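Chains A and B are the protein sequences, given in the same order. Residues in the first sequence are numbered from 20 upward in steps of one, following this note's numbering. Residues in the second sequence are numbered from 128 upward in steps of one, following this note's numbering.
The hints are simulated quantities; they were obtained by calculation from the structure and are not laboratory data. Values in this document were obtained by computation on a predicted structure and should not be read as measured data. Take these hints with a grain of salt, some might be off.
[As the list claims (entries may be wrong)] Coverage of chain B stretches by chain A, computed from C-beta distances (three or more under 8 Å per stretch; other residues unrestricted):
#, segment
1, 148-155
2, 229-239
[Unchecked claim] Partner residues are not named here, just some residues of chain A that face chain B (Cβ under 10 Å, in silico):
#, residue
3, G22
4, Q25
5, S26
6, G35
7, Y54
8, G59
9, G61
10, L62
11, S72
12, D75
13, F84
14, Y120
15, Q123
16, G126
17, G128
[What the hints assert, rightly or not] Just a sample of chain B residues kept apart from chain A, beta carbon distances all over 12 Å, derived:
#, residue
18, S137
19, D158
20, P161
21, R178
22, S182
23, S192
24, N194
25, K195
26, S201
27, M205
28, D206
29, A218
All C-beta atoms in this analysis are idealised placements derived from N, C-alpha and C, irrespective of residue type, glycine included.
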Amino acid sequence: GAGVSQSPSNKVTEKGKDVELRCDPISGHTALYWYRQSLGQGLEFLIYFQGNSAPDKSGLPSDRFSAERTGGSVSTLTIQRTQQEDSAVYLCASSLEISSYNEQFFGPGTRLTVL
Amino acid sequence: QQQVKQSPQSLIVQKGGISIINCAYENTAFDYFPWYQQFPGKGPALLIAIRPDVSEKKEGRFTISFNKSAKQFSLHIMDSQPGDSATYFCAASPDSNYQLIWGAGTKLIIKP
Numbered sequence: 020g021a022g023v024s025q026s027p028s029n030k031v032t033e034k035g036k037d038v039e040l041r042c043d044p045i046s047g048h049t050a051l052y053w054y055r056q057s058l059g060q061g062l063e064f065l066i067y068f069q070g071n072s073a074p075d076k077s078g079l080p081s082d083r084f085s086a087e088r089t090g091g092s093v094s095t096l097t098i099q100r101t102q103q104e105d106s107a108v109y110l111c112a113s114s115l116e117i118s119s120y121n122e123q124f125f126g127p128g129t130r131l132t133v134l
Numbered sequence: 128q129q130q131v132k133q134s135p136q137s138l139i140v141q142k143g144g145i146s147i148i149n150c151a152y153e154n155t156a157f158d159y160f161p162w163y164q165q166f167p168g169k170g171p172a173l174l175i176a177i178r179p180d181v182s183e184k185k186e187g188r189f190t191i192s193f194n195k196s197a198k199q200f201s202l203h204i205m206d207s208q209p210g211d212s213a214t215y216f217c218a219a220s221p222d223s224n225y226q227l228i229w230g231a232g233t234k235l236i237i238k239p
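The following block holds chain A by itself, in its conformation from the complex (with noise of 0.2 Å):
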C-alpha cells in the first residue's frame, strides 16, 4: 500500500515569504506528527494530531507555526515571514492511533531552504 506522502520534495523560498508543507498519512491512521530535522541534527517534535485535534501545539517554535488537519487525513504545515534559521528538513509520520508503541511511519520529508 502508499506510504506518507510529503509534497514538495523541495521548497526553496525567500526570507519573509510564507510556505505551505502538505502530508497525506497512511489511510486509517488517526495519529500524524510533525518533525522537524537539520541538518545531520535529530528530529525536532513540532506538533501532533489525534484525529483532526492537535492537542499539544508547545512543540511549535513560534507563532509564525501552524498546523492544521482535515478530514481526519491530510496535514498542512504552515511558516508564517520565513526566516533562513526555518531551513531544515520537515518529516511527517503517521501511526494508526496516538501511542508511543505505534509505530512511526515517515515520509520523505520536504527539504526547505529560506534564501
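Since the structure of chain A is provided, determine the placement of chain B on it from the hints.
Below, chain B without anything else, positioned relative to chain A:
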C-alpha cells in the same frame, strides 16, 4: 530528565564487523525503546524496539541490549554490511505517551 543521550555521533566499521551504538536515559518512567534507521533522502523507519521486561531482543543481525539498572540500551549490528550505512536514532517514551524522545543520531559508515 527527558533527554536521551546517544553515542557515538559517527562510527566507521569494516564490513563484517560489529557496530555498536549506545543510548542512555535518566527518566525511569521510560518503558519503550525503539531504534529507527534513516537512509539519506528518506524518513526514518522503525528497525527494532524493546520493552524493559526483557534484557535483549534480536531480529536477524540486529540486537538491542537493555540494562535497566544502568538506564542504558544499545544497538548491535552483527556482520555489518555496506547496506547498513545509515543514520541510526534511538528513542524512548514514558508509558505509552504520544511523544518519543529522540537521541541525536549516529551516522554509521560500513567500509567494504
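Going back to the hint list, which numbers does this structure go against?
Hints 1, 5, 6, 11, 13, 18, 19, 20, 21 and 29 not satisfied by this model.
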